[in-house]
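Enquirer: So you can see what is in the structure, the chains are spelled out below.
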Amino acid sequence: MPEKLLELRGISKSFGGLQVISELDLHVDEGEIVSVIGPNGAGKTTLFNLVTGLYAPDAGDMLFAGETLLGLEPHQITARGIARTFQTLRLFLNMTVKENVMAAAYSHTRAGILRSVLRTPGMRREAREIERLAEEKLSFFGQRLMGYRWDQPAFSLSYANRRRLEIARATATNARLLLLDEPAAGMNPVETHEIAELIGRLREEGGYTILVIEHDMHVVEGISDRVVALDHGVKIAEGSFDEVATDPRVVEAYLGTKAAATK
Amino acid sequence: MNWNLFVTELVAGISHGSVYALIALGYSMVYGILKLLNFAHGDVYMVGSFIGYGILGVFGGATNLSIPVWALLTLMFLGAMLGGGLLGVMIERFAYRRLRNAPRIAPLITALGVSFFLENAAQLVLGAQYQSYNSFSWKSPIAFDHFSLPAGTVISYAEVIIIVGTIVLVVALTLFVQRTQLGKAMRATSFDREAAAMMGIDVDRVIVATFFIGSALAGAAGVFNGIEYQQVWPYMGFTAGLYAFIAAVVGGIGNLPGAVLGGLTIGLAQSFSIGYISSTFSDAVVFAILIAVMIVRPSGLLGRAAVSKV
Amino acid sequence: MSTDPTDPNAPRVGVDEWVASHEQRRTRRTGVLGVVERELERLPRPAFYLGFGIAAALLPAVSSNGYVIDVGLNTLLYMLLALGLNITVGYAGLLDLGYVAFYGFAAYGYAMLASPKFGLHWDTLAVIPLVVIATALLGLLVALPSRRLIGDYLAIVTLFFGELFATVYQNGEHVSLLGQFGAHDVTGGPNGIPNIDQFNVFGARIGALNYTAYYYVALIFFMVLLFAMYLVDRSRTGRAWKSLREDPLAAELMGMPVNRLKLIAFACGAGIAGLAGTIFAAANTAVFASEFDFTSGLLIIVYAMLILGGAGSLGGVIIGALVVNVSLEVLRSPGHATWVFYVLIAGTLVARMRPWRWLAVVVAGTAGFGFAVHAIVAAAWPRGVHGQAPIGGALGTGLRHWVVLPSNPMTIGNVAFICLVLTVLALTLLHGWVQRLAMIPTLYLAAFVWENRLAVEPSVTRLILVGVILIVLMNARPQGLLGTSRVEIV
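Those sequence lines, one after another, are chains A, B and C. Each residue of the first sequence is one higher than the one before, counting from 1 in the numbering used here. Each residue of the second sequence is one higher than the one before, counting from 1001 in the numbering used here. Each residue of the third sequence is one higher than the one before, counting from 2001 in the numbering used here.
So that you can see chain A by itself, here it is in the shape it has in the complex (with noise of 0.2 Å):
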């Protein structure tokens, strides 16, 4: 049996009397990739804001890589191992696309504002190191975001753009989970299974593993191994695609005929 890279054990948040997470088991294990699907509301977003720290849980335990991450601030949660990306992209929009890179290798670099003012040998040899991972981890993703652009501010790419951006981004955490939230939200079809494969690509080559909340039903078909369906806050079915797909569960949450019947 695989490691279990994260582990929810009965997490529950509710805001004011809304319980949005109730008792959810959730485990993602070494080098896979699991979708989170469910309708609207069904607290999908709140879960990546739980894991990543931003939310405290009510109740329950989170564990990444056997330790929990239960009253850690999110940039240490960041530290750890796990990155995220936005629904709404948030971007350094007024910085270039290699610095927003080279941003987020923050939490593994160490030099301080002293050293970076006398230049010692060791800030610059890390420098050089940031430039390097950037580079590469903007590499990745082929043509697209090379060249002029890694000097062209952020906001001057195009959306596709910018939500590959945000995945460089993510990964030059030297994160070992990615949580992709929307990944392929307002794309047209060529670019969404360009989003598909490219998910495909970062486990294959890039060695993460995956969280993702995804509307678009082919590409959840095409990248899961497992699949996960929420209905306000609860689990509602697990496993392979064709089997939450078929769930009649799942059926119902979508086309909303249980929400119908009880209001």
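It is worth saying that the hints were derived from the structure and are not from the lab. The structure displayed is predicted, hence computed values, not measured ones. Treat the hints with caution; some may be incorrect.
Pairs of lysine to aspartate or glutamate, EDC-like flavour, derived with a Cα cap of 20 Å [said to hold, decoys possible]:
(1) B/Lys1035 with B/Glu1194
(2) B/Lys1035 with C/Asp2123
(3) B/Lys1035 with C/Glu2246
(4) B/Lys1035 with C/Asp2247
Starting from the known structure of chain A, fit chains B and C onto it as the hints suggest.
Expert: Relative to the frame of chain A, chains B and C by itself:
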């Protein structure tokens, strides 16, 4: 315990606090809708105070009050509220409107610029000296005279006017916000501006109304301050605005009952620390309250904790 | 910038060709400013800084005029202040409104440790680091309570801190702790601390009121810090600061400890203000609390410099401080100020007014309008043209026949000032030819207000203009002179 001192400071604190509360209401209303700290708001209060002073001059001459005191007070309030309101609307229209979607820091710096402009323009036009409401002799005793409580504590009528006037204005504002169509639109807009716009609320109109009402309250506060403390000068808005700001934060910025509670808290804290500790340290006491509230209850006494959306 | 949506051949927003043509679509300024901007962009930045340093170092050689050196020293102190504020506001995006209090704290700190006040005459090499570190720590202390909160709260806390500093130091002549330990004079109250020591290092000391020496001290500190900031800008910390200004939440989730970075930025800014404060205290030999409160305008002026140059840009710090401080100095004398006023108006008209025939119409119209008004007033109300022109010389004589100068201009000038503000505001609402025609009386009104009120009270006028600069810049060009305008995909 010195009962007289206590009551005197209590009444002074409440009347001071009422002035802060009225200014803080404007801060809070604008913040609720635009998420903008309107640094120029204190200067609207200053302008209101000067408008009251001007009206006093027109009808008072140097020694002769040509109309009854109640009519004068009414005119002063109407003038200051109308003038303050219009000034607020102009500030919104010309300084802030274009910056609604700019980075957060842009309107803040603009607000500083507006504040600085108003203060110095007032200094150019009105002179840098203190002017005094008292330089007009009042024929009727109501405004500056006082009565004594059985225990011998002296309370001035001006303090009574401030406290009663503030209660009237706050009640009127509450009714307006709770009952009228425009008031409901304001609450909706402060809850979620974009959603309100999509529901057919004319957001521009709501913002203009917010600025008008908030600034009119500040104008009234200016006149209250004038009748009680008498001195007016171009930089008075800065200090009073600062305390009102803190009042708004202490009460929970964006929350109207919070602004009133915060205003009273700051007024009382200031008054009691002047009475019992030393006037030098009253600022420090207010600062300590601000810091304490920010550490213990960052959303303010009556504010709700915000959940950040990702 | 938007591309014409009706043109089917135009590249679609966000698509690759559109992106590739981004450089061409950036708003390029035309005219002199545009040329300067392009040239500055091409120049490597260290060369630009070095050029500035050399030019500044030569100033005392070119002019031995004490006034020029004094203004130069002031400008350098402003540059240091703006450089520090640039870290807090420009990099970390924190609105520090108590910034001047740190400057004042350090000035007083130096004064207390090196003056007869407490009989301490410490060596400057000990005092400067001590005071700078103490100021940075004070900054840390002020920022700590608001570390978890958004910038708005920090703005309030720092603003109030600035005010608190001024009142406490203003009233610090009998400090007693809750009535205990007697009343001690700590700050000298409104009298401040006089007779502050000159800089002295191992017994060598700068002569009293030797502004040239302080000028070089300030210049050396500024250049060292400028290059240090240039290096930091490209370092790991610099990138992190810029990231958190762009999007603090994303920065935190990309592994940057946002709170700690903010505190460091805040403390660094305060520390640099502290350094400037020590130089200020030693060069002026006395400090007063009122120099550091809000009404002194210092805070607003430093902000105006930062904003004018473009927050976040190091070259902008130099240019902003230079432009603002030199303009403020020029405005001190009504003669110079009047020249600047008319040249500026003429320059703005030439730069902005198109087509040219409209420029001719407006200029001729304003001139004619003025002479007509002058003739009518002279005929109807002779006292209306018998006032004093604020300046002499050819310009003054010429203006006397054009601008109405009442013998008692106070009241009517004040009314006209308010009218002018309202008219200018109204102008921004008008369009096309109506706006251009309306400019004619507005310009004349402006000249009238200038001659009768503004030029007469230069100290207030300067501050009014600083306020106006902030408002206009933020509305028209929020990125400042050197910032690049941003093209955004919606």
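Enquirer: If a hint holds in the structure, say so; if it doesn't, say that too.
Expert: Hints and how they fare:
Of the supplied pair hints, the one linking B/Lys1035 and B/Glu1194 holds, its CA atoms being roughly 13 Å apart against a limit of 20 Å. As the CA atoms of B/Lys1035 and C/Asp2123 are separated by approximately 49 Å, the hinted pair breaks the 20 Å bound. About 18 Å separates the Cα atoms of B/Lys1035 and C/Glu2246, which keeps this hinted pair within 20 Å; it holds. Of the supplied pair hints, the one linking B/Lys1035 and C/Asp2247 holds, its CA atoms being roughly 17 Å apart against a limit of 20 Å.
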